[in-house]
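**Student:** Can you build the whole structure from these sequences, using the hints too?
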Amino acid sequence: MMDAPKIVTTRPLLIARNVSKAYGDVQALSDVSATVYPGEVLGIVGESGSGKSTFLRSLNLEETPDTGSYTLDLPDVQGNLFDLDRYARRMLCATKIGIVYQNPHLGLLMKHSSSGNVAERLLVAGERRFSVLRDKARDALDASEFPLERMDAPPIELSGGMQQRVQLAKAIALEPALLLLDEPTTGLDVSVQALVLDTLKKLQQERKITMVIVSHDLGVIRTLSDRVMVMRRGKVVEQGLADQVFQDPQHAYTQQLVHAKL
Amino acid sequence: MSLKSLTKDWEPMSYGFLDASAKREIRRKTLKAIAVPGCQMPYASREVPMARGWGTGGLQVSCTLINPKTTVKVIDQGADDSVNAASIRRFLARVSGAPTTTDTLKADLIQSRHRIPEEVLREDQILVLQVPNPEPLRPVQPNMSIARQMHADADYGRMWLQLYEQIVRSGRVMQGASYPSLVHGRFVMTPSPIPRWDVPKMHMAKHLTILSAGREKRIHAVPPFTRVEPLVFDDVPYRVEEHGDLTCTRSGAKGYFMNEIPQPDGTSTYEVSDSELGVKTIRSSEGETIDIGQTWYQNGEMAQ
Ligand SMILES: Nc1ncnc2c1ncn2[C@@H]1O[C@H](COP(=O)(O)OP(=O)(O)O)[C@@H](O)[C@H]1O
Ligand SMILES: [Mg+2]
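Heads up: the sequence lines are chains A and B, in that order.
Quick note on numbering that gives the first Met the number 0: the first sequence kicks off at 0 and runs consecutively.
Quick note on numbering that gives the first Met the number 0: the second sequence kicks off at 0 and runs consecutively.
Please keep in mind that the hints were generated in silico from the structure rather than gathered at the bench.
If a hint is listed, it holds; no wrong ones were tucked in.
Quick list of the computed label-pair ranges, beta carbon to beta carbon:
no.	chain 1	residue 1	chain 2	residue 2	range
1	A	E156	B	E259	34 to 40 Å
2	B	R171	A	A124	20 to 26 Å
3	A	E61	B	M49	45 to 51 Å
4	B	M49	A	D24	54 to 60 Å
Bear in mind the structure is a predicted one, so any value in this text is a computation, not a measurement.
Just so it is clear, CB atoms sit at the ideal spot from N, CA and C, and this is done for glycine as well.
**Tutor:** What follows is the structure in structure tokens.
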């Protein structure tokens, strides 16, 4: 039995249009457009080097594309976000967007406590009560199914799966409008991968967080996504509802991907 | 017209040791520092006949401010008579002809390493603090270019995180000296390695404080009547060293910041760290009429 289809009546939360980015001769992104509705999960799949991470970093405003626009339908957030200055970007990302990187070293302070990593997000947003920091960090770690007895252990002493949970807790601590996940399970043991995916799925169902998840692993995308975007060499080759794309892939490259997986 | 009429006579040494252009730069940077409280201003930091790290930053500011009528006091961790304090005091007197004193009340200019005197400073007094590390963000951001951006953005989350980590690890804030403090609600500064005991003295103080780092080439300032608020969580109060109940074994002074003197039997005795306050207390108890000024702390508590 298939899940009942989501009926979309709202305005999109995220609209990215014609995003292009070149690194010297390498065209990492060419004319990538995407639309994500509130509460929806967009999965981006494609082989390594296809520009997935570059696109996600652009959505996190870490990267400024050469051309293109990016809007978020949020109170007090207007215009093309790529035009924001450094300070406005920082404040927007610090409060409204959460990100989980493939490499935990990018997202975490490895020698600070895990709870401190989560607390930093709250501190940047202006929380100045120690007890509230503790409580909220604990709640976020708990929601990420992190073992709370280890909440003050530094990530460097934790397994890869646990580090990803700390990143996740940090990303959701402020209830972000948008959660970005860059290969969150790549590099983990298969059994651990499944557990982390379960947590993500649970979070998505309980909190209806809007997510963009990137993976080269079709299985991961399939498990989580409502909508799928297939990328190759910086271009979008196919885009659509997950079930459509997986059951009836239109583009030869997608067909190849889907069949290789079966 | 001869060359001689266009140039000044050669002098073996400028007044106050530094040449006029060096002083002009320091004055300009000091004014900027006063105009933007707590913001670090880079300056050239000239050579003075003393090794970097021994108070060259403070010395340059003192040399710039001094004139033949300035009464100078120099202290090193509270003491007027340490070798370093005595050397700097003699040097300043020699290059400027200025009178020196050990009495806080009589000084116009006080150069200090790591302490603020216990007697309340007045509007007409200037405190120059020697600073080894002016950058409070250094422990969290070794890249100074990024640190400057963080100051510009008032991006101090990492500083708070340090405090969070200390409480999680040790149950309390471990930061002893150099307690990071928010100046005028805008810039976080390190108040040089003064003890926590001294930080509240800066808050809304009547005197001007100039903090100067010679090796790191930075000046920052706390103008009179400026808020200086140590970073603290709303529910974890700021605490000063527990010296309020200690008594100085030499002078009997009580309720001030003390130096701990370990004893052979494992116990400790204490001496008041502000040595001149100790001397004054002894002399007045011996019957001399001594003018002891009002102190910031009374009965071991910061007066409001
Ligand atoms: N910072 C960078 N500098 C130069 N080239 C880059 C940079 N980031 C990505 N690239 C190039 O852009 C292309 C897309 O990279 P990326 O977005 O990381 O792909 P993916 O995440 O799909 O594996 C690759 O050819 C990569 O080498
Ligand atoms: Mg990638």
